[in-house]
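Let chain A serve as the given structure and place chain P on it in line with the hints.
This is what each chain is made of:
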Amino acid sequence: NAGVTQTPKFQVLKTGQSMTLQCAQDMNHNSMYWYRQDPGMGLRLIYYSASEGTTDKGEVPNGYNVSRLNKREFSLRLESAAPSQTSVYFCASSERGITEAFFGQGTRLTVV
Amino acid sequence: AQKITQTQPGMFVQEKEAVTLDCTYDTSDPSYGLFWYKQPSSGEMIFLIYQGSYDQQNATEGRYSLNFQKARKSANLVISASQLGDSAMYFCAMRGGYGGSQGNLIFGKGTKLSVKP
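Residue numbers (my numbering), protein chains in the order written: chain A, 1 to 112; chain P, 1 to 117.
Next comes chain P alone, as it looks inside the complex:
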């Protein structure tokens, strides 16, 4: 069965500093995708970044990068130069590519990030 684990319920970071949010996953699918979403206090789910299991390079999107370590089954989100607007819940998610898990997008429990001025 697929599983996503986020071990940090809450994190604090000083404005303008970098922060890493941890995510580990478990799957038997050879092909899968890893996603990070942001949920601000307003409640909407905002897609941030995607990493495919066969991608050779770590994904980057502006100030977001994904530190993908396939052998360790980890997909940590790195936010550089934190801003006050980064304060939100962050969710790691995974989608499988084959068999019974195809189409099934599962989420971790999330990490609440607070950026301090």
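The following block holds chain A by itself, in its conformation from the complex:
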């Protein structure tokens, strides 16, 4: 019973490099989210997908793109990484409606 799985767990990038963070959930949830967590800032929503085939910007979308590949998978792409994108990234999923979200273990990304 995996829940929400994120890969990788740790990553170091050089400025300008690109990478994709992968997220998959096995709970048949409709909604999926990407957050970033920075000290003192809480969790800030980057993008979310209310259902397969739809994506919407959150609070801090600049510098990121997302793909809802299918109902299970929601990926986050950094096209040209910047030091300001150093953060811990969380993927989450939830059922449709006002229900709790389940989180992955997080990805610690450092951009040097």
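None of these hints come from the bench; they were simulated from the model. Cβ coordinates follow ideal geometry from the N, Cα and C atoms, glycine included. Take these hints with a grain of salt, some might be off.
In the BS3-like style, the derived pairs of lysine-lysine whose C-alpha atoms are separated by at most 30 Å in a straight line are [unchecked claim]: (1) Lys3/P - Lys57/A; (2) Lys9/A - Lys109/P; (3) Lys9/A - Lys112/P; (4) Lys71/A - Lys3/P.
Covered stretches of chain P (in silico footprint by chain A; criterion: 3 or more residues with CB under 8 Å from a CB of chain A, positions within the stretch not fixed) [claimed, not checked]: (5) 24 to 33; (6) 105 to 111.
Sample of chain P residues with no beta-carbon within 10 Å of chain A, all distances over it, derived [unchecked claim]: (7) Gln8; (8) Phe12; (9) Glu44; (10) Met45; (11) Gln56; (12) Ser74; (13) Arg95; (14) Ser114.
Quick look at chain P alone, frame taken from chain A:
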């Protein structure tokens, strides 16, 4: 726009005592949900408790209860009989039920709780 405010960056509590973590929110949605999550030093996000905007009674889950005051737009978390393992970051979150905010789960900045032996 929706907003969650947690005004206590850090709190201390003596082991076995109760503690209240504050959360206020702002939304124009008539239907919404309020959540509390715990984040221990290991980093995972653990769901604690949920309160729906139409729920007549305050939510409770074991030692956690949610003091929901709708008119004041507050949703404070009460932890009774604190334990050393309660030391963690606690986040208040809200999810709207209608329109553009549907599905959008937003978080406050968190409160770091330290339990003293």
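Status of the hints after comparison with the structure:
1. As the CA atoms of Lys3/P and Lys57/A are separated by approximately 16 Å, the hinted pair is consistent with the 30 Å bound.
2. For the proposed pair Lys9/A and Lys109/P, the alpha carbon gap of about 23 Å is at most 30 Å, so the pair holds.
3. Of the supplied pair hints, the one linking Lys9/A and Lys112/P holds, its CA atoms being roughly 24 Å apart against a limit of 30 Å.
4. Between the alpha carbons of Lys71/A and Lys3/P the distance comes to roughly 28 Å, so the proposed pair stays at or under 30 Å and holds.
5. Restraint check on the region 24 to 33 of chain P versus chain A: 3 residues with Cβ-Cβ distances below 8 Å, three needed, restraint holds.
6. With 6 residues carrying a beta carbon less than 8 Å from a beta carbon of chain A, the region 105 to 111 of chain P meets the three-residue requirement, and the given coverage holds.
7. Every beta carbon of chain A lies more than 10 Å from that of Gln8/P, the smallest distance being close to 13 Å; the non-interface claim holds.
8. The beta carbon of Phe12/P is kept farther than 10 Å from every beta carbon of chain A, the shortest such distance being approximately 18 Å.
9. Here Glu44/P does not stay apart from chain A, with its beta-carbon only about 6 Å from theirs, under the 10 Å limit.
10. Non-interface call for Met45/P relative to chain A: violated, since the shortest CB-CB distance, roughly 4 Å, does not exceed 10 Å.
11. At roughly 16 Å, the least C-beta separation between Gln56/P and chain A is larger than 10 Å, which holds for a residue marked as non-interface.
12. With a minimum CB-CB distance of about 18 Å to chain A, Ser74/P clears the 10 Å threshold, and the non-interface call stands.
13. Here Arg95/P does not stay apart from chain A, with its beta-carbon only about 5 Å from theirs, under the 10 Å limit.
14. Even its closest Cβ contact with chain A, about 16 Å, leaves Ser114/P beyond 10 Å, as expected for a residue assigned away from the interface.
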